[in-house]
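Asks: Each chain, written out:
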Amino acid sequence: MELIKKYPKLFQWLFLLIVFFALCFAIDVPETYKFIRGQAEFVKDPNQSSFVFLGKEVRYYAFDVFWRLPPLLGWLPIWINDSLFFLMNEWMPIEFWNEDTQEYRTRPLVLQISRNLTAFMTFLIELIREILLGGLETIVAFTSWDWIDKNPWAELPGLPWTIVAAGSAILAYKLSGKGLALFAGLVMVYISIFGQWKPSMQTLSFILVAAPLSFIFGLGLGIAAFKSKRVEKALYPILLVMQTMPQYAVLVPALVLFGVGDHAAVIITMVVAVPPMILLTILGLRAIPPEVIEAGRMSGCNNWQLMFKVLIPTARRDILIGVNQVIMVCFSMAVISAFIGAKGLGFNLLLALNQLNIGLALEAGLCISLIAILLDKMSLAWANKQTDYFGNLTFYQRNKNILFFVATVIIGIVLAYVGTFLFKDSYNYLFEVPHNKGISTADFWNKGVDWIFDTFFVYIKAFNTWLIQDVLQPMRALYLRMPAVATLVLVVGAGYLIGGIRSALVVCGLTLFIAFSPWWDRALVTAYMATFGVIVSCIIGFTVGTLCFQNKHSASFMLGVCDIFQTFPSFVYLIPVMMLFGITDTSVLIAVIVYATIPATRYTIEGLRSVPVGLHDAATMSGVNKFQRLTKIEFPLAFPHMMLGLNQTIVFALFMVIIGAFIGTEDLGQYILKALSDKKGAGIGFTLGICVAFIGLIFDNLIRTWVEKRKKHLGIN
Amino acid sequence: MSEPVIKCEAVYKIFGENAKKMLQDSNGNVDAKTFQENGCIVGVNNASFEVSKGEMLVVMGLSGSGKSTLLRCISRLTDATGGKIFIEGQDLLQLNNKELIELRRNKMGMVFQSFALLPHKTVVENIAFPLQIKGIKTEDSINKAMDMVKLVGLDGRENYFPRELSGGQQQRVGIARSLAVEPDIWFLDEPFSALDPLIRKEMQDEFLRLQDKLQKTIMFITHDFDEALKLADRIAIMKDGIIEQLDTPANIVLNPATEYVRKFTEEVPREKVLLIEDVMESSTTDNLGDLKVLKDEIIENVAEKILTQEKSVAVIDNNNKIVGSINPTKIINTVFGGRKNNN
Ligand SMILES: Nc1ncnc2c1ncn2[C@@H]1O[C@H](COP(=O)(O)OP(=O)(O)OP(=O)(O)O)[C@@H](O)[C@H]1O
Ligand SMILES: [Mg+2]
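In the order they appear, the protein sequences are chains R and Y. Under this note's numbering, the first sequence has 517 at position 517, and the numbering climbs by one with no breaks. Add 1000 to a position in the second sequence, counting from 1, and you land on the number used in this note's numbering.
Derived from the structure by calculation, the hints contain no laboratory data. Even glycine gets a Cβ: it sits at the ideal position worked out from N, Cα and C. There may be inaccurate statements among the hints.
Once the Cα atoms are required to be at most 30 Å apart in a straight line, the calculated BS3-like pairs of lysine-lysine come out as [what the hints assert, rightly or not]: (1) R:K385 with Y:K1144; (2) Y:K1020 with R:K174; (3) Y:K1021 with R:K229; (4) Y:K1084 with R:K227.
Quick list of the computed label-pair ranges, beta carbon to beta carbon [claimed, not checked]: (5) R:G177 with Y:P1197: 42 to 48 Å; (6) Y:N1027 with R:Q12: 28 to 34 Å; (7) R:K709 with Y:E1259: 45 to 51 Å; (8) R:P313 with Y:D1212: 32 to 38 Å; (9) R:K552 with Y:P1197: 45 to 51 Å; (10) Y:I1041 with R:A287: 20 to 26 Å; (11) Y:E1182 with R:K227: 28 to 34 Å; (12) Y:N1027 with R:I216: 48 to 54 Å; (13) Y:N1097 with R:I564: 43 to 49 Å; (14) Y:D1233 with R:S610: 46 to 52 Å; (15) Y:S1026 with R:P212: 50 to 56 Å; (16) Y:E1259 with R:K6: 40 to 46 Å.
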């Protein structure tokens, strides 16, 4: 009794666990239950029960409701799908003027909007693409095919790669200085001589449309939400779900709405990239001290000036993090949207992965990552740029960058022209290095992979077998062994203990949605993989973070490393693990671990750093040694921030698990991938995405509530 | 006398949902407690006063007494809940957005307690900011801002960012920024309270020097009575949103209007506030010494001289005419004895 009074929380938790395990043992696995694999679920089976709701028939294997809840929401994906089709093909037909046929036609409103959007996006992408690579679509858009036939000179030849390379170096120099200029130049030269020019420029043109658009929309909506409580309230739930929604899942509905191609990819990228931008904009604007705003007012700013000259620049730090996120997401999507027909490096990467040509995949992945880092650094430099008012500059000094650029354009054109004579019979390398004519290291890497396989096969295989048989399989079996009711009790109980009745209700709703969907077992598999990944990532991340924190330089260095790794598109992580472990669950899990370790490490370091210096000194003065200081002062204080890191780790892990479906897993991700190639997959893909998002949100809710309480308890804000 | 530059008539500022309605219902008799029970916080309660051209009004009061809120009402950073405010005869609350912006761009300057500099701009950019907002060409505004930088003694640091400056330096930037548009009316909200005593004194002297040169109409908020005495033409003392007393420093000390003001001024060194005139006897005796003191001298400045005398000292006005006398014991009483048993 004394003990219970002393540690009431501990006993509540113990009680919860006891109930949970009691339920697990009390409810037996039904004899007919088997974890159904693959296609079998679509086969009609007389043993199945069924019900009809909203005219949709749902078939399922019925079990004891304590073991598995019936899929009461089974109609939802079909309904979503039908609704989408209805919207696209029948709802609100309107008349519109068709330029080509010179007559009025009727079309459903949504379809028409989608077509217009598509045309607009396509135009933007083509415009940039043709400046970089040449082509005639843009010219045609302004004139006509007949006109271009008569005036063949108007076809854009595209810029020679030398000009683009020099141009980006000059731009980088203007923005930041010699270092970045050198980096920019090297990246471009690398891309060119390794024969990745064309796909790289395709990807770049995609990014140059998607990133600024996402930025503008995110900023705009963020401002709107900042100004109006009502907008914020409406946006907030969507933002929350989008934060944890795997990017894959958004692809599927987009496919229905916008079809296949770069334009659909841009739109979908915006859908994914805008939410974090909005959140960070709101966060930044909120943090502005009211006096700064008043100072702006007193300086006589009108609303417009106040927003763009005072508020946004003052919130620059958070907005910049938003830009960084936008760029990250764009590159990530550049790869993923290859699934819906976006051209460029992503397509090559997926193709190479599919053919198990690790070398090629590596080259494409490296290119993407390099461009991503370059753009990230350049946008950062741009935002931090300062004007110099006092230099008494001559005309030459003032315009030196433009003059240089003009010079390079001329030199580049001359070189390209000379090239036509130099390489009379083959390709003009001074204009563009064709895809298969560059230097390729693919063979080298492939040989390396083969060598690793041959040499270490035994060990890798042994490790693989051990991991799968002794760790993963049992863990997976344990997860699947949980009766639905037991899981529900555990999760809701945890919600209640952490955040009271409110948290319990939220968590209960989220869990029930998944439990009533037809994919509860799959969700369990997803959860098991994510759990495994998260546990290992956290152990690694917290250890590495703590060790690095002991020294100022190593901490900064590690944060820098995290920055760079974060810029890599998520798919790139699959490359090295496939090199080592081939197509197995191990590969996926290791990719998950590597990817999810980034936030774990970062937040550990940041959390430890945020402990006030005064406390360090106070602790040192009271004769505490380094280890005691760490365990007694720094960890407890840094813990809330580290838990936010755990939150991010979970989201990252979930994303990677879902992407891992590409290698072949048995979880929700696999179904999303399948839905992509299914004509009627939109509803399924979307619902699956929501399920994954909800898994993330359950943990998100629990962790955030806990952190808030803890912070209040510790008196930190 | 010419028209007052700032004129407030029964100004109220009440925070809360249905503040306006409650104010109307109360007929101007606002009781902070009843309002608080209804979820409203009283910021300013029935403030009426005038500030004339070239005058410096110092507003004092404890934390939360509504000083900043009053200033915000007059600069219309928040809208007063009730009452009328006139700036140079213009009804402030009737101005539309455009007129208000014009007024702020040309007539008003404000210095903030926490500096409120724009973190992304350098010193000179911060100072040039109001000018650029007005639409002045970059080059001209930077030149003008450079003059301001020199005025507040920050030359050589014009390209620093606020984060690279000390508190005192940042506040100089704030002052320079508020002066850049050459406003007629200058609001200062505890401009020096974040500074250490040495720098504060330095800044006060500099501030007086500036005011001597510029002759602006000023409302100045402070917590520090010494500072108020040093700067003020008149002092307003606030409590719970009400202006308890608004008068010259001497009158406030000698004739506190309420018990609160008396408590508030109790610790104030009298000799720093009072003039000879305030304590002299207007009846003149013949038994006067050779020393003569001016009647509007602050006691502190002449106390030593008077105390060396044995006889009473003659008090003269500017025309060298004897208007009264003062006895050294009176001085001793004022300086040492007067605090506790105030008359
Ligand atoms: N935006 C607001 N909403 C609600 N109440 C407010 C708001 N601003 C100020 N108040 C309240 O109005 C009262 C007066 O505040 P004000 O800031 O004017 O005090 P102050 O005299 O300037 O104090 P300090 O010396 O600490 O700056 C306080 O009780 C405060 O809580
Ligand atoms: Mg204040």
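Asks: Quick check on a hinted range of 50 to 56 Å for S1026 (chain Y) and P212 (chain R), using CB atoms only.
Replies: Holds: the Cβ-Cβ distance is about 55 Å, inside 50 to 56 Å.
Asks: Per the hint of 32 to 38 Å, is the separation of the Cβ atoms of P313 (chain R) and D1212 (chain Y) within bounds?
Replies: holds, 36 Å
Asks: Taken at face value, is the distance from the CA of K229 (chain R) to the CA of K1021 (chain Y) at most 30 Å?
Replies: Within the cut-off at roughly 24 Å; holds.
Asks: That 28 to 34 Å hint for E1182 (chain Y) and K227 (chain R) (C-beta), does it hold up?
Replies: holds, 33 Å
Asks: Looking only at beta-carbon atoms, does the pair K552 (chain R), P1197 (chain Y) fall within the given range of 45 to 51 Å?
Replies: At roughly 35 Å between Cβ atoms, P1197 (chain Y) and K552 (chain R) fall outside 45 to 51 Å, so the hint is violated.
Asks: Return holds or violated for the Cβ distance of I1041 (chain Y) and A287 (chain R) against the range 20 to 26 Å.
Replies: Roughly 24 Å apart at Cβ, these two residues keep to the hinted range, so it holds.
Asks: Assess, step by step, whether the Cα of K1084 (chain Y) is no farther than 30 Å from the Cα of K227 (chain R), and give holds or violated.
Replies: Within the cut-off at roughly 29 Å; holds.
Asks: Taking 46 to 52 Å as the hint, is the beta-carbon distance of D1233 (chain Y) and S610 (chain R) inside that range?
Replies: Cβ of D1233 (chain Y) to Cβ of S610 (chain R): about 48 Å, so the range 46 to 52 Å holds.
Asks: Holds or violated: K1020 (chain Y) and K174 (chain R), Cα atoms, limit 30 Å.
Replies: violated, 56 Å
Asks: Range hint 40 to 46 Å: satisfied by the CB atoms of E1259 (chain Y) and K6 (chain R)?
Replies: violated, 53 Å
Asks: Lying within 42 to 48 Å: is that true of the beta-carbon distance G177 (chain R) to P1197 (chain Y)?
Replies: holds, 44 Å
Asks: Assess, step by step, whether the Cα of K385 (chain R) is no farther than 30 Å from the Cα of K1144 (chain Y), and give holds or violated.
Replies: holds, 23 Å
Checked against the numbered hints listed earlier, the structure breaks hints 2, 6, 9, 16; every other hint is satisfied.
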